[in-house]
Every structure is written in C-alpha cells, then in structure tokens.
Amino acid sequence: MVILSIAMIVADVRYSVFSQVRPYLTLLVTPIQVVVNTPQKMLNWAGEHLASREGLVKENQSLQSEILLLRSRQQRLDSLQAENVRLRELLDASQRVDEKIVMAEVIGFDQNAYSHKLMIDKGFSSGAYVGQPVLDATGVLGQVVETAAYSSRVLLIADASHFVPVQLSRTGFRGILRGTGSLQVMELMSVPRSVDIKKGDILTTSGLDKRFPSGYPVGVVRSVKYTQGKAYADVDVVPLAQLGRSRHVMLIDKPKAGR
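All residue numbers for the sequence shown refer to numbering that gives the first Met the number 0, where the first residue is 0 and numbers rise by one.
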C-alpha cells in the first residue's frame, strides 16, 4: 500500500493522472472534514451567541430607560401648546424647572374590588416618599402611599378613593377626576351643563393639589351625557396610563420651593 501510494503521488505530480478525478475524490473527504470541524464551530457559535445575547439585554434595558425619559418629556408638549395659545403672554418656558425622574419596575400588582395598587422596586433608600407622583410612558399612573427601604406601594388613579385635580387642555376648564374602581373608566365630577366639553378632549393635571405637577396627561373623555333634571353632566374618562399593564414607571421628584 505504501509503494502504491508513492507511485500514485509520483504519477499525479509528473503526469497529472488524477487531475480530472480529484474534484470527485474530495467528496469522500468532505464528510470527514465536516465531522472534525463541527465541535469547534459549535463552541464558537455558543460563545458568540451568549456574548451577543448579554449585550442585547443590556442595550435593551438602556433603550427602555431612554424611551421612558423621552416620552415623559413629550407628554407635556400638547398641554403646553394649548396653554401657549390661551396664555402666550404669561407663559415663560425658560422659568420652568424640569422634575427629577427616578425609574422603577413593577414587581407586584394588587387588584381587588376595594383597592388597586402596584408594588415597585424603589423605596425610601432611592428617594421615594409618600405622596410622590408616579407616571408610566403614556400618562399619570398614581401616587406612592407606602414606602419601605427597597420597595413602595403605588395607589392607582383608578382606585375609588383616589382624586386628581385636572383641566381640559382645549378650554382650560378645571375639575376633579375620581376613580371608580375600574381600570377602564373614571368620572369627571361636578361638570356644569354649560361647560364646553366633548368626546376626545384630553385631561391633564392642573397642579392645584401641589402634589401632581401640572401638564401631565391623565385621561381622554369617552362620553358626555346630560340627564333631564340634573345640573351636572355625566362625564366618563378613559385613563391614558396602562394601569394594569405597565412594567416600568417613573417617580417624579418635584422641585422644592426656592430650589
């Protein structure tokens, strides 16, 4: 076999005897090469996949935080534009102080017939305090009602015991928005029949309670009904915040007086 192999090598080198059949002979060797190289390729692929996944997870978390920050600033644009039209001479945007924002993640959801609360992963060690406003990416979510070192409870605006001072972005009418215990609908209280209000109007925080900063969206008017003999209209409002589905929220640290 050794002599035969040497003879074949010499014949191929000098006379190119196997030049035409060599491409076909490589087909016999290819499966062996594939089997030998497969373990190394699998190890390389696994290493690259794990490193790539870790990088994507970190990038995704960073992008989510950035999106929330950008949306929190965008939320105020519509209400500020309406205010510019009505009170252009009085508005001085340069004197507005941006609130400090602390990101938090929802770690629990307590929903029953009597209370609607969230548990978040930020407590007083992160600066959370009772009464602190809480928003998600689309609107006002609620306020902190209980704090621990590393967690807090948030009472949602849909809770029947929660009230939010609001105003109509279109007309400036001020009122009180009350939770009904349902995550889908709230009630705008004591709206006189003479008030210009209609379906689709946006309600934002008025800031009169000194708790929720003004200009943040709260809800959109779903229906306005007038009942014979009643002095006030029945106004149903749909919350803009994703009350039962938000995963990441923002704690708004209001600027103190003189700061």
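A hint or two may mislead.
Keeping only pairs whose Cα atoms sit at most 30 Å apart, straight-line, the calculated DSS-like set for lysine-lysine is [unchecked claim]: (1) K116 with K99; (2) K57 with K99; (3) K197 with K229; (4) K209 with K197; (5) K224 with K197; (6) K57 with K40; (7) K229 with K198; (8) K224 with K198; (9) K40 with K116; (10) K99 with K198; (11) K209 with K198.
Simulated restraints, written as ranges between beta carbons of each label pair [as the list claims (entries may be wrong)]: (12) E104 with A159: 20 to 28 Å; (13) Y225 with F108: 43 to 51 Å; (14) D11 with M41: 33 to 41 Å; (15) I31 with L68: 19 to 27 Å.
No lab work stands behind these hints, which were simulated from the structure alone. Cβ coordinates follow ideal geometry from the N, Cα and C atoms, glycine included.
Taking the hints in turn, this is what the structure says about them:
1. K116 with K99: 23 Å, holds
2. K57 with K99: Given pair K57, K99 holds - Cα atoms ~23 Å apart, limit 30 Å.
3. K197 with K229: Distance of about 18 Å is within 30 Å: holds.
4. K209 with K197: Holds, at about 27 Å.
5. K224 with K197: 10 Å, holds
6. K57 with K40: 26 Å, holds
7. K229 with K198: 20 Å, holds
8. K224 with K198: The given pair, whose Cα atoms are some 10 Å apart, holds under the 30 Å limit.
9. K40 with K116: 51 Å, violated
10. K99 with K198: 33 Å, violated
11. K209 with K198: Holds, at about 28 Å.
12. E104 with A159: 20 to 28 Å: 26 Å, holds
13. Y225 with F108: 43 to 51 Å: Distance hint for Y225, F108 is violated at roughly 37 Å.
14. D11 with M41: 33 to 41 Å: 36 Å, holds
15. I31 with L68: 19 to 27 Å: Taking Cβ atoms as reference, I31 and L68 lie about 57 Å apart, which means the hint is violated.
Hint compliance for this structure: hints 9, 10, 13, 15 are not met, and every other hint is.
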